[in-house]
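Chain residues, written in single-letter form:
Protein chains: 2
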Amino acid sequence: MKVCKFGGSSLADGKNYEHAVNIIKSDPERRVIVTSAPGKRHNGDIKVTDLLIKYANAILAGQDGQTIVDEIFARYQAIGAYFGVLEKDVEEIKEILLALPKKDYPSADYLMAAFKAHGERLNARLMAIVLNHLGIKARFVDAKEAGIVVTGRPDDATVAAETYDNLARIKLRDDERLIFPGFFGYTPAGNIATFARGGSDITGAILARGLHADVYENFTDVDAIFAANPAIVKDPAPIKTMTFREMRELSSAGFSVLQNEALLPAIQGNVKINVKNTAHPDLPGTMVVSENGFHPTSTITGIAGGPNFAALYLHKYLQNKEVGSTLRILNILKRHNLRYEHMPSGIDDVTIIFNKDELQGDVVDQVCNEIQAEIQPDRLEFYGNYALLEVVGEGMAEKPGVSAAILSALAKENIYVPMINKGASKISIMLGINKKDFNKAVQVVYQRFFK
Amino acid sequence: MKVCKFGGSSLADGKNYEHAVNIIKSDPERRVIVTSAPGKRHNGDIKVTDLLIKYANAILAGQDGQTIVDEIFARYQAIGAYFGVLEKDVEEIKEILLALPKKDYPSADYLMAAFKAHGERLNARLMAIVLNHLGIKARFVDAKEAGIVVTGRPDDATVAAETYDNLARIKLRDDERLIFPGFFGYTPAGNIATFARGGSDITGAILARGLHADVYENFTDVDAIFAANPAIVKDPAPIKTMTFREMRELSSAGFSVLQNEALLPAIQGNVKINVKNTAHPDLPGTMVVSENGFHPTSTITGIAGGPNFAALYLHKYLQNKEVGSTLRILNILKRHNLRYEHMPSGIDDVTIIFNKDELQGDVVDQVCNEIQAEIQPDRLEFYGNYALLEVVGEGMAEKPGVSAAILSALAKENIYVPMINKGASKISIMLGINKKDFNKAVQVVYQRFFK
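Chains as they are written, first to last, in UniProt numbering: chain D, 1 to 451; chain E, 1 to 451.
None of these hints come from the bench; they were simulated from the model. Bear in mind that the values here come from a model prediction, so they are computed numbers and not experimental data. Be careful, since some hints might not be right.
Since the list gives no way to pick out one identical chain from another, each pair is judged satisfied if it fits inside one copy or across any two copies.
[Stated by the list, open to error] Derived BS3-like pairs: lysine-lysine, alpha-carbon spacing no greater than 25 Å straight-line: (1) LYS137 with LYS399; (2) LYS426 with LYS15; (3) LYS334 with LYS316; (4) LYS399 with LYS412; (5) LYS15 with LYS272; (6) LYS399 with LYS102; (7) LYS25 with LYS399; (8) LYS412 with LYS451; (9) LYS356 with LYS234; (10) LYS54 with LYS25; (11) LYS399 with LYS436; (12) LYS54 with LYS435.
Take these sequences, add in the hints, and give me the full structure.
Spelled out as structure tokens, the structure:
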């Protein structure tokens with residue numbers, strides 16, 4: 001049995017929907033379908049999720065949001081019309097949209113989460129309508145009926161363990177496809193809470209684990225996961241097979257094809273993931289598998305990273321005489337709920353590397369002030385133009401010379417590498433470089449290992 | 001004005017003492033002398049400090065220690081005799097030794113500290129006696145008279161800031177050398193507390209700063225600080241000039257010529273340090289200077305490290321989603337007062353590197369148990385055969401290709417480098433390797449940069 005998740009661009013309009021429908025039709029093993037919200041149909045288009053955010057904000061501002069409802073409904077209606085579905089058969093979608101503001105929400109955040117979730121929720125309903133219209137028996141299963149229970153923040157929820165007990169009770173029948181909305185679950189109190197953005201991937205993985213799928217097919221708009229960003233490297237090699245932990249490292253470091261947190265249920269259930277292109281379902285795509293029994297065929301699997309980082313450098317003489325020095329720094333970061341990426345530490349020096357997205361408002365100044373007051377470093381410097389380059393590969397583990405080859409390739413191009421972090425994970429090396437060198441660095445490392 | 005500190009081997013017997021005396025005599029600028037305790041005269045000999053520890057243990061065990069006193073006194077007496085000092089003129093040394101057990105000590109640790117400190121204290125007295133006997137006007141100045149105030153542990157004290165106010169009141173006269181004992185100070189309550197082992201270097205640096213010396217001459221038993229350990233690399237290059245922070249990095253990583261903590265007062269007072277050989281005072285030795293205005297003439301200054309490390313590896317999926325994950329690990333380490341050397345961290349992985357000397361008793365098991373209980377990692381592994389290689393040089397900063405050159409040299413010898421830590425300090429790179437590769441690694445990096 002296969003769980004198939006379709007991304008937003010794969011369900012953006014009737015034509016794309018048709019690809020998805022054909023994919024579902026073509027394999028009777030594809031019995032569990034997970035929908036995203038309709039994405040952009042063309043450059044400059046608005047995703048349905050963003051329309052729903054507008055709708056929520058209108059309601060929160062005391063407006064009626066009628067025109068936005070019309071705009072949202074038109075998106076679903078157009079897809080239905082593409083398949084010849086009668087307007088009366090999709091009318092319920094409009095009614096649900098109009099009823100949304102009338103429900104009770106414990107807070108504005110929960111209202112926002114519920115509105116956003118309807119991009120997926122209504123698309124799953126529509127998919128069931130379309131499939132049944134085309135003679136393919138299908139049933140919409142809401143996240144509540146499925147028993148997807150979540151806890152945590154309304155916009156960054158975590159799946160609760162009981163979800164898997166609930167999913168175990170779902171009966172699959174050979175003659176019926178089940179259509180689940182991605183992206184959200186219900187709190188124990190019955191409120192909708194969403195996963196992080198891109199969270200339909202997470203729902204798919206949860207279902208794949210909970211329903212014991214043989215494979216989790218993740219249909220998106222690229223032929224495969226590539227060894228490097230195609231915006232930087234021309235025609236990069238597709239990755240045929242990679243391990244869960246390679247995917248995890250790469251997706252943390254900027255590979256956005258698969259939602260980062262979607263891997264955990266797949267790992268726990270040991271369900272392999274097949275990333276495929278909705279437009280070219282005949283291509284093999286990328287298979288993500290367990291590292292147990294995996295034999296790497298190349299040294300490097302992928303090159304990730306990004307130019308959006310910053311570093312805080314701190315020097316204090318005899319810092320390492322105090323056991324609690326780094327601890328005090330971490331406590332300051334925790335007080336500000338500030339997540340960091342890496343923290344290379346030396347005898348008297350610490351560098352803390354942040355994703356710039358984490359550095360909102362004047363948090364850098366605040367943290368610097370507190371470090372100054374509590375730790376009194378001899379030097380405290382902030383670097384705003386940091387890029388991180390992460391090179392990942394199961395083939396690196398225990399193999400001498402890989403770091404040397406990467407650094408030599410960069411040195412040949414005169415790229416200075418102020419930071420190297422290797423050793424936590426055996427299958428990756430993380431380099432800090434100047435933002436201006438980032439694209440060149442990705443290119444030369446790619447050239448070195450893939451040409 | 002120069003502050004001259006003589007190490008234990010430089011004052012081990014009459015012949016070595018004579019070198020020191022000649023050094024003092026030959027330069028009228030050498031007006032402040034700091035003594036260590038007499039060291040080993042030959043392989044298999046016992047240092048006076050170790051005899052004093054034996055003496056203290058005998059007293060603590062309720063014995064009288066008379067034979068050990070005779071043995072200790074014989075060492076000082078023999079040096080006096082070498083210069084023709086009459087026995088009655090050194091008799092006070094024996095009296096002081098015999099009086100030691102009769103004093104009050106707040107604890108066994110303070111008794112031990114006071115006994116140990118007398119290796120230096122009596123040697124400073126003897127030096128004053130010898131110099132005066134030879135017609136060189138000299139005066140013994142006890143740490144109490146000098147006002148060296150310390151706080152902290154009795155065997156690992158820290159100098160108090162008021163010391164520098166006290167030292168500022170000392171008047172130096174052109175016609176008189178002042179002889180200070182190294183290694184210890186007095187607590188505010190009047191008890192002797194020592195610095196860490198090798199702490200005479202610290203006293204010398206404190207005096208050099210407090211008395212505004214032009215240079216702090218540190219006389220020891222090597223011609224210079226070498227770019228690599230002579231026990232591993234044959235005839236390594238002497239380092240002519242290096243910066244304080246290079247010395248700090250190298251001494252933290254195993255260069256034992258200069259006591260690690262001795263650098264701080266020198267840096268604070270901006271007093272350059274000249275490490276010289278008592279046996280060859282004509283050689284220039286190694287000059288350690290401020291990094292301000294320093295222009296490196298080579299890429300690498302020194303290669304340090306050692307084979308005595310261990311690593312704890314921890315993997316927990318989605319570890320980085322929690323801000324406080326590393327914090328919890330550090331709290332566990334702090335609870336056990338366990339100092340670590342480095343902690344490379346990745347997305348879901350942390351490696352913590354310890355000096356094995358820190359891992360006493362069953363502390364590793366205890367820490368692992370607590371990490372298991374509090375953090376529940378997916379993997380927790382301990383590696384006992386870790387070596388650290390540290391390559392240091394002001395010439396590395398901002399220079400592309402240095403890491404590449406180091407790693408390529410190692411790769412050529414098929415040495416696998418599981419850990420690389422670069423970026424906290426700009427002037428060093430730290431590599432983790434297998435213990436078995438350590439000597440070879442030092443040799444090939446040395447060959448690469450110094451041949």
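Between copies, within a copy, both or neither: which fits LYS137 and LYS399 at Cα up to 25 Å?
neither (52 Å within a copy, 66 Å between copies)
Is it within a copy, between copies, both, or neither that the alpha carbon of LYS15 lies no farther than 25 Å from that of LYS272?
Neither: 29 Å inside a copy, 77 Å across copies.
Intra/inter-copy verdict for LYS399 and LYS436 if alpha-carbon distance must be at most 25 Å:
between (30 Å within a copy, 16 Å between copies)
Please work out whether the CA atoms of LYS399 and LYS102 approach to 25 Å or closer within one copy, between two copies, in both situations, or in neither?
neither (61 Å within a copy, 64 Å between copies)
At 25 Å max between alpha carbons, let me know whether LYS399 reaches LYS412 within a copy, between copies, both or neither.
both (22 Å within a copy, 12 Å between copies)
If the cut is 25 Å between Cα atoms, do LYS54 and LYS25 qualify within a copy, between copies, both or neither?
neither (35 Å within a copy, 88 Å between copies)
Using 25 Å as the alpha carbon limit, work out where LYS25 and LYS399 are close: within a copy, between copies, both or neither.
neither (45 Å within a copy, 59 Å between copies)
Up to 25 Å between alpha-carbons, please classify LYS334 paired with LYS316: within, between, both or neither.
both (21 Å within a copy, 19 Å between copies)
Indicate which option fits the pair LYS356, LYS234 if close means a Cα-Cα distance not exceeding 25 Å: within, between, both or neither.
neither (27 Å within a copy, 49 Å between copies)
25 Å Cα cut-off: does LYS54 pair with LYS435 within a copy, between copies, both or neither?
neither (34 Å within a copy, 61 Å between copies)
How would you classify LYS426 and LYS15 at a CA-CA limit of 25 Å: within, between, both, or neither?
So LYS426 and LYS15 fail the 25 Å test inside a copy (44 Å) and across (56 Å) alike.
State whether the alpha carbon distance between LYS412 and LYS451 is at most 25 Å within one copy, between copies, both, or neither.
Both ways: LYS412 and LYS451 sit 16 Å apart in one copy and 22 Å across, limit 25 Å.
Hint compliance for this structure: hints 1, 2, 5, 6, 7, 9, 10, 12 are not met, and every other hint is.
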